[in-house]
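> Model the placement of chain B on the given structure of chain A, informed by the hints.
So the sequences go chain by chain: A and B.
The first sequence begins at 1 in my numbering and counts up by one.
The second sequence begins at 1001 in my numbering and counts up by one.
Honestly, I wouldn't trust all of these hints.
[What the hints assert, rightly or not] In silico lysine-lysine, DSSO-like type, Cα no more than 30 Å apart, as pairs:
| id | chain 1 | residue 1 | chain 2 | residue 2 |
| --- | --- | --- | --- | --- |
| 1 | A | LYS44 | B | LYS1150 |
| 2 | B | LYS1046 | A | LYS46 |
| 3 | A | LYS128 | B | LYS1060 |
| 4 | A | LYS60 | B | LYS1150 |
| 5 | B | LYS1044 | A | LYS150 |
| 6 | A | LYS80 | B | LYS1060 |
| 7 | B | LYS1127 | A | LYS44 |
| 8 | B | LYS1060 | A | LYS150 |
| 9 | A | LYS44 | B | LYS1080 |
| 10 | A | LYS451 | A | LYS128 |
| 11 | A | LYS128 | B | LYS1044 |
| 12 | B | LYS1046 | A | LYS150 |
| 13 | A | LYS127 | B | LYS1046 |
| 14 | B | LYS1301 | B | LYS1150 |
| 15 | A | LYS46 | B | LYS1128 |
| 16 | B | LYS1451 | B | LYS1127 |
| 17 | B | LYS1046 | A | LYS80 |
| 18 | B | LYS1127 | A | LYS60 |
| 19 | A | LYS327 | A | LYS371 |
| 20 | B | LYS1080 | B | LYS1150 |
| 21 | A | LYS46 | B | LYS1127 |
| 22 | B | LYS1044 | A | LYS80 |
| 23 | B | LYS1060 | A | LYS451 |
| 24 | A | LYS44 | B | LYS1128 |
| 25 | B | LYS1115 | A | LYS60 |
| 26 | A | LYS80 | A | LYS128 |
| 27 | A | LYS128 | B | LYS1046 |
| 28 | B | LYS1060 | B | LYS1115 |
| 29 | A | LYS128 | A | LYS427 |
| 30 | A | LYS127 | B | LYS1044 |
| 31 | B | LYS1046 | B | LYS1060 |
| 32 | A | LYS232 | A | LYS304 |
| 33 | A | LYS115 | B | LYS1060 |
| 34 | A | LYS60 | B | LYS1128 |
Derived by calculation from the structure, the hints in this document are not laboratory data.
Protein chains: 2
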Amino acid sequence: MGAHLHSDLNDTICALATPAGTGAIGVIRVSGSRAIEIVNILFKGKDLAAQASHTIHFGKITDGSRIIDEVLASLFVAPKSYTGEHTVELSCHGSTYIQQQILQLLVQHDCRLAKPGEFTLRAFLNKKLDLSQAEAVADLIASDSAESHKMAMQQMRGGFGAQINQMRTQLVNFASLIELELDFSEEDVEFAAREELLVLVSQIAALIQNLLDSFNYGNAIKNGIPTVIAGKPNAGKSTLLNALINEERAIVSDIAGTTRDTIEEAFVIDGITFRLIDTAGIRQHASDAIEEIGIERAFEKLQKASIIMYVFDATLTTAEQLTEELKLFSSYPAIVIPVANKTDALTHTSAFNQETVSISAKNNIGMELLKQRLVVAVRKDEIKNDIIITNLRHYEALKHTADTLQQVLNGIDMRISGELLALDIRKALFHLAEITGEVTTDDLLANIFSKFCIGK
Amino acid sequence: MGAHLHSDLNDTICALATPAGTGAIGVIRVSGSRAIEIVNILFKGKDLAAQASHTIHFGKITDGSRIIDEVLASLFVAPKSYTGEHTVELSCHGSTYIQQQILQLLVQHDCRLAKPGEFTLRAFLNKKLDLSQAEAVADLIASDSAESHKMAMQQMRGGFGAQINQMRTQLVNFASLIELELDFSEEDVEFAAREELLVLVSQIAALIQNLLDSFNYGNAIKNGIPTVIAGKPNAGKSTLLNALINEERAIVSDIAGTTRDTIEEAFVIDGITFRLIDTAGIRQHASDAIEEIGIERAFEKLQKASIIMYVFDATLTTAEQLTEELKLFSSYPAIVIPVANKTDALTHTSAFNQETVSISAKNNIGMELLKQRLVVAVRKDEIKNDIIITNLRHYEALKHTADTLQQVLNGIDMRISGELLALDIRKALFHLAEITGEVTTDDLLANIFSKFCIGK
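Excised from the complex, chain A in its bound form:
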């Protein structure tokens, strides 16, 4: 993309919009000023150019006398389409061969194969959605749990952009007042009350801090909560892992096609994805150099964990021993949940610390309680702001805004000139505008949209 980003926009583009592979149907999307005209050449049926927007027409896609497929053509007349351009969606049989043939025909008739995310890029450039909404589209498609879905949906529906725009409007007003002062600078008038500015900027800075604080939570939700199961060998780690995963897998696989290969040990409770991390190597004392490396890695994982489940054999552990063993984890930022396993084999009543959850992983006892504790551990971290940041780019732009606003606050404190204040406020506005895409560069757009799938 790069420098050609905008010059490409005159092309009419096409792509397969459904996942590749064999299925009942496939959808090919064509968008651009000539979309209807080009499809009309290949489409034998009604004259698509004479049809109303948002109507569906049965017909044949032909290459001369050769019939490629019987299709349904869905018509979207500009600007009433996803991209804001003329768009035709061809619903064809779900054969890779047929889809290929239709795309080749379109290309022969002056369409170009779309780049990843190019339909959404056009929607953004045609102001059908702002940049944070466009990014949310990709998040929505990638969402795989109720919580990550909720955050992406909220962002796509514009909640985040609206909050950013509200802050911008308030800052713009003040910037204008200050710039007005500059015009009258010889008269030494102060149009913008410094105290009011102080209050406003402080409020906005606090809001932004909330958003920044939500990032860790949001990011964890989006990528799954890193959850380490630690414990001595034979404490029942693997049995617990299986008990947690298998149950949830069964639910997930109720409907075909939900395979999630990337994170093998992920499972969902109450819409929150937990990412189980293996620390088989953990022992208190290494016997040799190789085991030491293993322990080092385990410690790295512990360092990054949000939750540590420390599983121990209840039949072999006293309350005093547990207290001692838990000290190993005191230096980590994670929430530690002690899990007393094999409690079904206990002959006496145990008295471990209050935090301890008693289970028998083998017999599936106490699993509901443990799951509740996992959810509580996450929700404890939840920020009460409606909007949650999940995108590193947004986080960085907000961080820059916060830093600049701090400079504004310092400036007011030091009673620096309106000229310098205005400069800093404009800088803060610039960073906020980056989020919604009011200011942007071709490189940034290319970078964002290249991560989309083709056809979106």
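This is chain B only, laid out in the frame that chain A set:
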């Protein structure tokens, strides 16, 4: 399915119609008498029940206050739909999570998840297409070359069914005349001229024989032409294989998502799929028992081959040697193409037999000629009938018809009674009707449609 096939038809069914996995969009199909009503409950936007058929509506799928997705709902009002029932297609974001959520919501609101092929089964039962057309839908989706696509398309468009029905009409007329005779049997009247019947049945039997003859070709086209590359070690077999495959692969992979894992060594020339079969083990004399097994297997492959390319090193082989070596293949039904390799290294002009194609696989010389020869070898086998049989079920029904018609011909010859003739003609009609599905059983339907993908 089985006995419940028809009783299930009152259900409103739903399924993902696009391939599983993450993509730009996914389409969920809902069909049945309550399809519009049920989707309307979940759909926030216009009242779908008040909209015209073949229109598209933007809205949200919600579960109470929770927004699952922003979707486009395409409306098809019975009988103007694929199934002949009310149908709604929901085009949602291509997230597995979202698709799962929407399907779960539909199931909660009294939809049932569709069985494989159930939409097409309903289309058949509602007489939107005959059984051979329904079968062609699955063939069309599985088609992966121009020829297999052409045959499936023709069958789906009803060419085959029309030909069958024409034969049936002619036979029905005669059967009626003969049965009329039976009513007047005491009067010994002959309404149906035996000579006319003889001509008609002979014509139909010839047509059916044409169709039967086309099966081998059609089946080979559908599944790929089994093509064995044979030759001594170092003759250049692998180089030839790579030269043939790589070139064509490049073309196939112009468009993403066309990976075809099942037959690794398949390639397409002029729309015909050739399935290359490895016979590395072939030598004239086995040195031990294990090699003997290898040779046995190679011979099995040669037995099943339609084409054998016999590759030999032109620099090491005389015309006499070649003639001798080719004798090895004389007992196989395949067409043998002698391929003289390494001809670029020849210092003299060679004089192999006329059939021999001279190439240099390493330097890509002569490959076009070889490909033309492969295509000619296949087309030679092509039946000049417009309709080509590819389906074993059709083949068997036609075979039964042909056998029964032969009995009719014998019966006429032996001047058997009209009663017995009518019985045989009815039997032939029954077998023809099996093809288009005029007569069928639940088990047969279950068997046919269980091979479809879900959502079709």
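> For each hint, tell me whether it holds in the structure or not.
A quick look at each hint next to the structure:
{"no.": "1", "hint": "A:LYS44 - B:LYS1150", "verdict": "holds (17 Å)"}
{"no.": "2", "hint": "B:LYS1046 - A:LYS46", "verdict": "holds (26 Å)"}
{"no.": "3", "hint": "A:LYS128 - B:LYS1060", "verdict": "holds (17 Å)"}
{"no.": "4", "hint": "A:LYS60 - B:LYS1150", "verdict": "holds (14 Å)"}
{"no.": "5", "hint": "B:LYS1044 - A:LYS150", "verdict": "holds (17 Å)"}
{"no.": "6", "hint": "A:LYS80 - B:LYS1060", "verdict": "holds (17 Å)"}
{"no.": "7", "hint": "B:LYS1127 - A:LYS44", "verdict": "holds (24 Å)"}
{"no.": "8", "hint": "B:LYS1060 - A:LYS150", "verdict": "holds (14 Å)"}
{"no.": "9", "hint": "A:LYS44 - B:LYS1080", "verdict": "holds (19 Å)"}
{"no.": "10", "hint": "A:LYS451 - A:LYS128", "verdict": "holds (20 Å)"}
{"no.": "11", "hint": "A:LYS128 - B:LYS1044", "verdict": "holds (20 Å)"}
{"no.": "12", "hint": "B:LYS1046 - A:LYS150", "verdict": "holds (24 Å)"}
{"no.": "13", "hint": "A:LYS127 - B:LYS1046", "verdict": "holds (24 Å)"}
{"no.": "14", "hint": "B:LYS1301 - B:LYS1150", "verdict": "holds (28 Å)"}
{"no.": "15", "hint": "A:LYS46 - B:LYS1128", "verdict": "holds (21 Å)"}
{"no.": "16", "hint": "B:LYS1451 - B:LYS1127", "verdict": "holds (20 Å)"}
{"no.": "17", "hint": "B:LYS1046 - A:LYS80", "verdict": "holds (16 Å)"}
{"no.": "18", "hint": "B:LYS1127 - A:LYS60", "verdict": "holds (21 Å)"}
{"no.": "19", "hint": "A:LYS327 - A:LYS371", "verdict": "holds (24 Å)"}
{"no.": "20", "hint": "B:LYS1080 - B:LYS1150", "verdict": "holds (26 Å)"}
{"no.": "21", "hint": "A:LYS46 - B:LYS1127", "verdict": "holds (24 Å)"}
{"no.": "22", "hint": "B:LYS1044 - A:LYS80", "verdict": "holds (19 Å)"}
{"no.": "23", "hint": "B:LYS1060 - A:LYS451", "verdict": "holds (26 Å)"}
{"no.": "24", "hint": "A:LYS44 - B:LYS1128", "verdict": "holds (20 Å)"}
{"no.": "25", "hint": "B:LYS1115 - A:LYS60", "verdict": "holds (28 Å)"}
{"no.": "26", "hint": "A:LYS80 - A:LYS128", "verdict": "holds (10 Å)"}
{"no.": "27", "hint": "A:LYS128 - B:LYS1046", "verdict": "holds (21 Å)"}
{"no.": "28", "hint": "B:LYS1060 - B:LYS1115", "verdict": "holds (27 Å)"}
{"no.": "29", "hint": "A:LYS128 - A:LYS427", "verdict": "holds (26 Å)"}
{"no.": "30", "hint": "A:LYS127 - B:LYS1044", "verdict": "holds (24 Å)"}
{"no.": "31", "hint": "B:LYS1046 - B:LYS1060", "verdict": "holds (10 Å)"}
{"no.": "32", "hint": "A:LYS232 - A:LYS304", "verdict": "holds (20 Å)"}
{"no.": "33", "hint": "A:LYS115 - B:LYS1060", "verdict": "holds (28 Å)"}
{"no.": "34", "hint": "A:LYS60 - B:LYS1128", "verdict": "holds (17 Å)"}
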